[in-house]
Structure formats: structure tokens, C-alpha cells
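> Here the protein sequences come in this chain order: U and Z.
By this note's numbering, the letter at position 441 of the first sequence is numbered 441, and the numbering carries on one by one without gaps.
By this note's numbering, the letter at position 270 of the second sequence is numbered 270, and the numbering carries on one by one without gaps.
Among the clues, some could well be false.
Chain copies aren't distinguished; within one or between two, either way the pair holds.
Unchecked claim - Below, in silico cross-link-like pairs of lysine-lysine (DSS-like), each with a Cα-Cα straight-line distance of 30 Å or less:
#, residue 1, residue 2
1, K352, K153
2, K352, K208
3, K208, K153
Source of the hints: derived by calculation from the structure; they are not laboratory data.
Protein chains: 2
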Amino acid sequence: MPDLLATLRAIVGDAGCLSRPEELLVYECDGLTLHSGWPAAVVLPRSRSEVQRVVRTCREHGVAFVPRGAGTGLSGGALADAGVVIECSRMNRIHEVNTVDRYAVVEPGVVNADLSAVTAAAGLFYAPDPSSQQVCTIGGNIAENSGGPHTLKYGTTTNHVLALELVLPDGSVVELGSPTGWAPGYDLVGAFVGSEGTLGIVTCATVKLEAIPERIETLLAVFPDVVTACRGVGEIIQAGLVPAALEIIDRRTIAAVEASVYRAGLPQDAGAVLIIELDGSAVVLADQVARVREITTREGATRVEVARDDAERQRFWRARKGAFGAMGRLAPDLYVHDAVVPRVKLPEVIEKICAIGDRYELTLSNVFHAGDGNLHPNISFDRRNPEELARVVAAGREILELCVEAGGVITGEHGIGSEKRDFMGLVFDEADLAAMLRLRDCFNPDGVCNPGKIFPTTRFCVESNPKARGYARVPIG
Amino acid sequence: MPDLLATLRAIVGDAGCLSRPEELLVYECDGLTLHSGWPAAVVLPRSRSEVQRVVRTCREHGVAFVPRGAGTGLSGGALADAGVVIECSRMNRIHEVNTVDRYAVVEPGVVNADLSAVTAAAGLFYAPDPSSQQVCTIGGNIAENSGGPHTLKYGTTTNHVLALELVLPDGSVVELGSPTGWAPGYDLVGAFVGSEGTLGIVTCATVKLEAIPERIETLLAVFPDVVTACRGVGEIIQAGLVPAALEIIDRRTIAAVEASVYRAGLPQDAGAVLIIELDGSAVVLADQVARVREITTREGATRVEVARDDAERQRFWRARKGAFGAMGRLAPDLYVHDAVVPRVKLPEVIEKICAIGDRYELTLSNVFHAGDGNLHPNISFDRRNPEELARVVAAGREILELCVEAGGVITGEHGIGSEKRDFMGLVFDEADLAAMLRLRDCFNPDGVCNPGKIFPTTRFCVESNPKARGYARVPIG
Chain U
1 MPDLLATLRA IVGDAGCLSR PEELLVYECD GLTLHSGWPA AVVLPRSRSE
51 VQRVVRTCRE HGVAFVPRGA GTGLSGGALA DAGVVIECSR MNRIHEVNTV
101 DRYAVVEPGV VNADLSAVTA AAGLFYAPDP SSQQVCTIGG NIAENSGGPH
151 TLKYGTTTNH VLALELVLPD GSVVELGSPT GWAPGYDLVG AFVGSEGTLG
201 IVTCATVKLE AIPERIETLL AVFPDVVTAC RGVGEIIQAG LVPAALEIID
251 RRTIAAVEAS VYRAGLPQDA GAVLIIELDG SAVVLADQVA RVREITTREG
301 ATRVEVARDD AERQRFWRAR KGAFGAMGRL APDLYVHDAV VPRVKLPEVI
351 EKICAIGDRY ELTLSNVFHA GDGNLHPNIS FDRRNPEELA RVVAAGREIL
401 ELCVEAGGVI TGEHGIGSEK RDFMGLVFDE ADLAAMLRLR DCFNPDGVCN
451 PGKIFPTTRF CVESNPKARG YARVPIG
Chain Z
1 MPDLLATLRA IVGDAGCLSR PEELLVYECD GLTLHSGWPA AVVLPRSRSE
51 VQRVVRTCRE HGVAFVPRGA GTGLSGGALA DAGVVIECSR MNRIHEVNTV
101 DRYAVVEPGV VNADLSAVTA AAGLFYAPDP SSQQVCTIGG NIAENSGGPH
151 TLKYGTTTNH VLALELVLPD GSVVELGSPT GWAPGYDLVG AFVGSEGTLG
201 IVTCATVKLE AIPERIETLL AVFPDVVTAC RGVGEIIQAG LVPAALEIID
251 RRTIAAVEAS VYRAGLPQDA GAVLIIELDG SAVVLADQVA RVREITTREG
301 ATRVEVARDD AERQRFWRAR KGAFGAMGRL APDLYVHDAV VPRVKLPEVI
351 EKICAIGDRY ELTLSNVFHA GDGNLHPNIS FDRRNPEELA RVVAAGREIL
401 ELCVEAGGVI TGEHGIGSEK RDFMGLVFDE ADLAAMLRLR DCFNPDGVCN
451 PGKIFPTTRF CVESNPKARG YARVPIG
């Protein structure tokens with residue numbers, strides 16, 4: 001359908017419509033390397049009105065469309081197999097920063113870290129901080145309900161979104177929520193955050209800003225092994241402390257980081273390090289630092305360092321946030337897993353996860369939000385080796401089953417996407433999934449907006465709407 | 001339809017099914033005295049299975065049903081005109097209190113304050129604390145997304161619900177969310193909280209528990225007038241403090257309280273008092289108390305008292321939480337209003353609200369969550385006087401319009417119910433309301449579950465589903 005491309009070009013301009021193979025290659029996958037899909041076209045709208053017109057055009061041509069931010073997602077949520085990718089990076093204006101009522105009004109393409117950089121002068125920051133925050137966008141964060149190391153204290157994206165303007169899959173525009181954080185009627189803002197691009201496309205968001213804490217203290221506790229580090233995390237929480245972050249980095253990850261540009265001087269003989277960040281009033285932090293030092297030492301830490309200045313603090317965080325990049329040194333491919341267990345189960349679950357990795361003879365490393373019980377077992381592999389890939393997939397399944405059995409869930413912050421749709425049945429029964437499908441069907445009844453995501457395609461055959469099939473596969477262009 | 005009553009009696013037992021006029025009279029209204037409705041019957045189920053069977057029976061007979069907690073709601077949400085009231089007070093078991101992962105699993109009829117009383121021994125409490133917390137139930141709190149004086153620091157009910165088991169309007173059962181607070185797929189828990197009983201009936205809820213703070217300091221600052229007190233609130237927040245509560249009580253309310261059993265020794269010559277509650281580490285509170293004292297004095301407080309012990313703290317709170325009861329002394333009827341404005345607009349809006357009350361020659365008093373910008377202008381009146389009632393309604397409308405014009409919304413924590421459904425158009429346009437109706441229609445397509453609530457019936461005629469009418473009016477019994 002060449003007239004589809006021509007119409008899209010007329011809407012977004014020639015420079016805003018990509019269709020050559022070398023251009024589309026960039027959009028073949030997101031941060032999940034296991035799945036890929038070849039879009040028919042990529043459009044980069046500059047305004048809500050262009051998004052609306054693109055959506056209506058796709059609809060008229062019977063072609064699926066998929067919203068996309070920076071493509072750093074880890075569950076295949078931004079893949080559009082034969083559909084049109086609506087990439088929001090050109091919608092990157094910050095419309096307003098309100099320092100009295102503490103909110104910002106932003107377009108979806110604003111880069112996460114850029115917002116905090118802009119508001120810092122007013123003593124404010126945007127709290128959700130995924131490890132990809134230097135490049136990922138607020139729109140993508142909203143779609144995936146992204147978390148980050150500071151989720152423990154500050155919550156995930158959903159706790160920071162006050163209002164949304166969206167283009168729905170039928171091309172209509174709605175405004176939901178309110179900058180005051182109070183809104184009558186149904187909390188549709190909450191339902192749209194984390195809906196992985198299946199209910200519409202965010203064109204403007206009002207997000208909360210937080211006061212930069214008076215003081216931040218960052219500690220690094222060195223443990224003989226990852227299980228002991230997990231016990232230390234449990235004791236810190238049990239003591240009634242609520243650190244801003246509690247992050248564990250295991251031995252294999254330390255080795256990868258220390259061999260990379262993110263090198264931070266972490267002790268390579270350690271079984272694991274635990275980063276503890278405390279923030280708040282200076283007067284209370286001195287006491288809390290002493291308590292954390294005492295608890296971690298009692299629980300087996302062989303050394304506890306306190307960052308002496310901001311440079312040292314940045315060094316600890318560089319190691320943590322650069323860990324996934326550093327793993328590129330271990331193998332060509334990396335499968336970043338994501339699951340949550342009740343915090344109290346962490347020590348036993350992490351031990352079993354390591355055993356699963358060993359049993360499948362895989363290179364499994366761990367770097368994770370221990371305070372949230374949010375695990376990231378990472379498997380380094382080479383997908384060109386089908387036998388190894390099969391082991392990666394089998395181990396992944398066992399890890400998820402183990403976490404669910406421990407009372408946990410199959411994703412914390414990376415979403416379901418295409419990656420885990422067939423595991424939804426581990427957590428929800430058919431009635432629960434049918435309730436979610438009712439929501440999808442009332443905004444996206446024909447599945448034209450980001451098809452093939454979240455809901456199972458096999459085993460739990462609960463696609464309630466017979467029209468919800470096939471759209472993504474209509475060939476165009 | 002005598003067979004409807006017979007079937008209901010067979011499900012819930014004779015003692016659990018009320019249909020005599022003197023029994024139904026109790027259910028004629030909720031805390032909103034402006035609206036009333038006469039139910040056909042009231043059932044008091046003891047289990048999820050009974051709720052399911054009641055719902056299916058109502059459906060078979062084409063009769064509307066309305067979930068109800070303790071009936072303390074303030075927007076008419078629990079009224080069932082000619083329908084069946086499903087009253088959940090007999091489902092009042094606490095199934096589990098998990099002190100490690102800090103949550104409780106409760107039935108909907110558990111009284112709010114009872115939960116904190118049970119968990120206190122473990123050093124935990126349930127944070128949302130509506131003024132009616134001695135009698136209101138968790139199920140009703142979930143339906144209305146209730147707030148309370150401590151919402152400023154702790155958030156509303158939606159921030160404390162981890163998982164829900166619900167009977168949907170079609171009689172099916174779903175379980176949503178997870179005790180870990182993480183759940184894949186759409187955040188339907190968020191959408192159900194605050195849906196005012198229109199999307200289903202909660203039969204079990206998993207709610208977060210918080211650690212009881214190490215120390216609480218409660219201050220009472222005496223101001224010459226309510227506008228100055230509002231300025232003091234703004235300055236406290238601007239200073240970067242986040243008190244647990246910031247509550248204003250105005251002169252008329254003080255007089256009513258001091259004449260009542262809630263008498264607390266408040267200064268009757270004050271224009272307003274501001275209760276400031278601070279909680280957290282003892283080491284940080286001393287400094288915060290000093291700062292609050294300094295700020296309020298600078299802003300015009302003529303006296304600042306600090307509660308010397310828990311008895312004195314309870315005395316301050318007795319005045320605040322007993323205020324609505326005390327207003328019973330001023331007139332037979334009380335219209336408790338509820339609106340939110342950006343905090344920065346509080347001084348100018350409160351002044352204009354008082355002027356509206358004066359212009360309509362009404363007895364208007366204010367006792368409100370100033371820290372949240374959540375106003376409660378209360379109008380004392382006698383509804384037997386139609387001319388006075390007309391002035392009450394007209395003043396109410398002006399107050400809402402004023403708040404919306406100031407960038408606010410028409411309800412903070414009392415919901416829309418039947419009271420404000422025709423004001424939804426002040427905040428949302430037809431497309432926004434249509435989006436909400438889509439959600440209602442996918443769970444409650446024929447409107448049989450709590451009809452006539454939330455959505456406008458006049459002017460904004462957006463009832464999307466032609467079947468969504470008439471159900472409530474089918475006569476039975």
C-alpha cells in the first residue's frame with residue numbers, strides 16, 4: 001500500500017517517516033534481544049495532532065501501530081511486526097515546571113534524566129530513575145510503569161504521574177487526572193500507566209516533582225556471598241529503616257564492571273556488594289548510617305565504606321547503572337530477567353536461581369533492587385547457538401516458576417510485552433485475565449494498537465474479541 | 001416479586017435480609033442528607049459465595065444492587081432507590097496480618113480503626129484515617145478512595161491497597177494485584193479503588209501496613225483568621241517540611257466543638273487553629289517542631305502549643321475528628337462539601353468561599369485538610385425550609401465553580417456519587433467522560449451495579465449504553 005506511506009509522509013514530513021531497510025533495522029528489536037520484528041514504517045510525529053492523524057491513517061489502512069520511546073524496553077513491548085512504529089522522540093518539549101505545586105508538564109519524548117537536570121536549579125527532581133535514564137523517555141516509562149534503584153522509597157512511575165493526555169486507539173483525545181493529584185471519577189490514569197502501549201499513546205504527561213533531599217549518604221557493604229547480602233537487606237528493613245535504595249551486585253557482575261569503562265574499584269574478591277543509599281535530613285542520617293553499618297557488619301559484611309563525597313557516590317552508582325552495559329563483555333547477548341519475590345524469601349530464592357543457572361551451565365549474574373525483592377538474574381549467551389538459546393529459555397521459565405511459587409510475580413518493572421505473555425497464566429487465572437481483556441477491549445477492541453503484547457497467545461486462549469487477530473500481519477509499503 | 005425476597009432469604013438467612021419499612025428506613029440515606037432513596041431490600045451476606053449468589057439473583061430478576069459499608073459516605077454513593085443494598089458489615093474477618101512483608105488481608109466489613117488496633121501490638125498501623133474511622137469500613141474506603149487528615153504524608157486509600165478479590169457485576173470472581181505490591185498486566189486494582197461501587201463488590205482486600213513512627217509531635221497554632229492560617233500552611237510546605245497532617249479549624253467550627261461533647265479547650269476568640277502533626281525519628285522532630293513554631297509565628301500565629309503527651313494530642317484530634325458531629329448543634333442538617341484547589345490558591349479561595357456563604361446568608365463553617373488543598377466548607381441548614389435549601393444548593397454550585405476556576409477539582413475524598421454527577425462536566429469534557437464510561441461499560445454494561453452514580457444524567461448526556469437505564473426503578477418485593 002504505497003498510499004499509506006505517502007499519507008504518513010504528508011503528515012509527518014519526509015524526514016519523519018522511515019521506510020528503507022537500513023532505517024527500519026534500528027527498530028527491529030528493543031532491549032530484549034530474544035524477540036524481533038520488522039516494522040513496515042516508522043513515523044516520528046511532532047505533535048498530538050500528528051499522532052492523531054497517523055493513528056487514523058493506520059486505522060483506515062487496517063494496519064497496526066505501536067508507540068515507542070527510546071527502545072530501551074526489555075520485554076519486546078515496542079516491537080511492531082509489519083505495523084507502523086510511532087516513535088515519540090521529536091515530542092520532547094517541557095511545557096511547564098511548577099515549583100510551587102511541584103509538577104512538570106512534559107511531552108512523551110523527554111528523556112528521563114533531562115527532566116531532573118532542568119528542575120535541579122529549583123531544588124526539585126523527578127524520582128523514577130531506571131538504569132537507562134540517560135536515554136529512556138518519560139513516555140516509555142509511563143507505558144512500562146518503570147521503576148529504578150530508588151523505587152524502594154519513591155515508588156514506580158505510577159506513583160509520580162498526575163495527569164495524562166492521550167490519543168486513544170480510535171484517534172480520539174482524552175485528558176485524565178489533574179495536576180493537583182486529585183481527580184473525580186475512575187482512576188484511568190492508573191490504568192493507563194503500565195498498559196504497555198496497548199490502550200493509547202501518551203502525548204502529554206503531568207508528573208510530580210520531589211524536593212531534592214537535604215543530604216544523601218551512600219554506603220557500600222562488602223559481603224562474602226549474595227545470600228548473606230540478601231539477609232543484610234532483610235535486617236535493614238526489619239530494623240524499620242527505609243533507605244532510598246538497596247542494591248546488590250554479585251561477583252560475576254563486579255568482574256564485568258571492573259573490566260569495563262564503568263570500572264569503580266569494587267573489590268573483585270567479594271561475593272557481592274550491597275549499595276545502601278539513605279536520604280533526608282542531615283540530622284537523622286548520621287544515626288542511620290551508624291545503624292546500617294552496625295547491622296551489615298553483624299550480618300557478615302567484611303567491610304563497609306561510606307562515600308566521602310559526591311564523586312565517590314557517583315562512582316558507586318556508575319558501577320550499578322553501568323552493569324548491564326558491562327555485561328556486553330561476557331557474551332554477545334544478554335537476557336535481563338525481571339521477577340519479584342516477597343523480601344523475606346530473597347535469600348532462599350537467590351540461592352535457587354544461582355543453582356538453576358549452574359544446572360543449565362549458563363553464565364548467570366545478578367544485579368538487582370534487593371530492597372524491593374525485585375530480582376534481575378541476567379543470562380549472558382550467544383543466540384547464534386540454538387542449543388544454548390534453548391537452555392536460556394528453559395532456565396528462564398524455571399526462574400519464573402520458582403519466583404511465583406515463592407509468592408512473587410513474573411515482572412517488577414520490565415513489563416510483559418511479547419516476552420512473558422505466555423507466562424501470565426502462572427499468576428492469573430482465566431477470569432482475572434478476562435477482566436484485563438475487558439479493559440483492553442473497551443479502548444482497543446480490534447487490537448490494532450500494539451497487538452500481541454501482554455496477553456497469552458497459547459495455552460490460556462482468552463482473546464475475547466475475535467477481531468483482535470491478524471492486524472499486525474497485514475503487509476504494507 | 002415476592003420470589004426475589006424468598007430467594008435472597010434462602011441465600012443469606014432470614015436475619016440477613018431486611019425488607020420491613022422500619023428496617024429499610026436506616027438505609028434511606030448515607031452521610032449526605034440532601035439525597036435519599038428507598039431500597040427494596042437490604043441483604044447482609046457473610047461470604048463471597050453469598051455475595052455472588054445475591055448478585056446473580058438480582059440479575060435474574062432485573063433488579064439493581066448497590067454495595068454498602070457503614071453508610072458514612074458523603075455523596076450518596078450507597079443509596080439504592082428501589083434496588084437491593086448489599087451491606088458488607090458481616091464480612092468483617094481479618095484473615096491475615098503479615099508483619100514481615102507488612103500487609104493485612106481483610107474482608108470489606110472490617111472497621112477502619114479496628115485494623116490499626118489489631119496491628120498496633122506488632123508496631124504497625126493502617127494509614128488512611130477518615131474522620132469516620134471509628135465506624136467506617138475498609139470496603140467503603142476502597143469504594144470511595146477515602147482520605148483523611150494524614151493523607152498529606154501517607155496518601156489516600158489507593159496508595160495502600162495491594163490486591164483485591166471482587167465479585168464483578170456479572171457474578172464472576174476476579175483476583176487482582178499481589179501482596180508484594182507488584183503485579184503484571186493492567187493496574188485494575190487502581191481502577192477499582194475509587195470506583196464508588198459501580199464496577200463490582202470487594203469481598204477481600206490486601207492492604208499495606210506502615211510502621212508506627214518512632215515519635216509524633218502535635219502542635220496547635222492559633223491564628224487571627226482562616227486566611228492567615230492558610231498562608232501559614234503554604235509557608236510550612238515551601239520550607240520543605242512534609243508534616244503528617246496540616247488541618248485547619250475555623251472560628252464557627254471551634255464554637256460548635258467547644259459547645260459539644262468533643263470540647264477540647266480550643267481558644268474561642270481565635271479566627272482559626274491549625275493542627276500540625278509531625279512524625280518520624282525523634283532526633284529530627286525536635287528541629288522540625290522548632291521550625292514549625294518559627295514559621296507559624298512569623299506568619300501571624302498568636303500562640304503555638306505543643307501537645308505535652310498523648311492525652312493532649314488526643315484532645316486536639318478529638319476536636320478535629322468530632323467537628324462534623326459537633327455541627328449537629330448548629331442546625332438539623334449539614335451539607336459537608338469537598339473540593340480541592342492547588343495549595344498555593346488556598347488563601348484566596350477560602351476568602352471567596354466565606355464571601356459566598358455570607359452572600360447567601362448561610363451558616364458556613366470550615367474544617368479541612370489544608371495541607372492537601374482539600375477544602376470542606378460545611379453548610380448548616382434545615383432542609384424542611386425549601387427556600388433555605390435552594391440557597392444551600394446554589395451556594396454549593398458557586399463553591400465548586402470557584403474551585404475549578406482556581407485549577408482545582410470537585411471532590412477530594414468524598415466521591416461523586418449522586419451528589420455531584422451533574423458537575424462532572426465542570427472538570428471533564430465529553431471525550432474524557434466517554435473514556436470513563438467505556439470502563440464502566442466493560443464491567444457493568446447494563447448499569448445494574450450501583451446505577452445513577454458518578455456520571456451526569458443531565459446536560460452532559462453521555463450514557464453510552466442504552467441499556468444503562470431504568471434498572472434501579474424496577475419495583476420489587
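> If any of the earlier hints don't hold here, list their numbers in rising order.
Those not satisfied: there are none.
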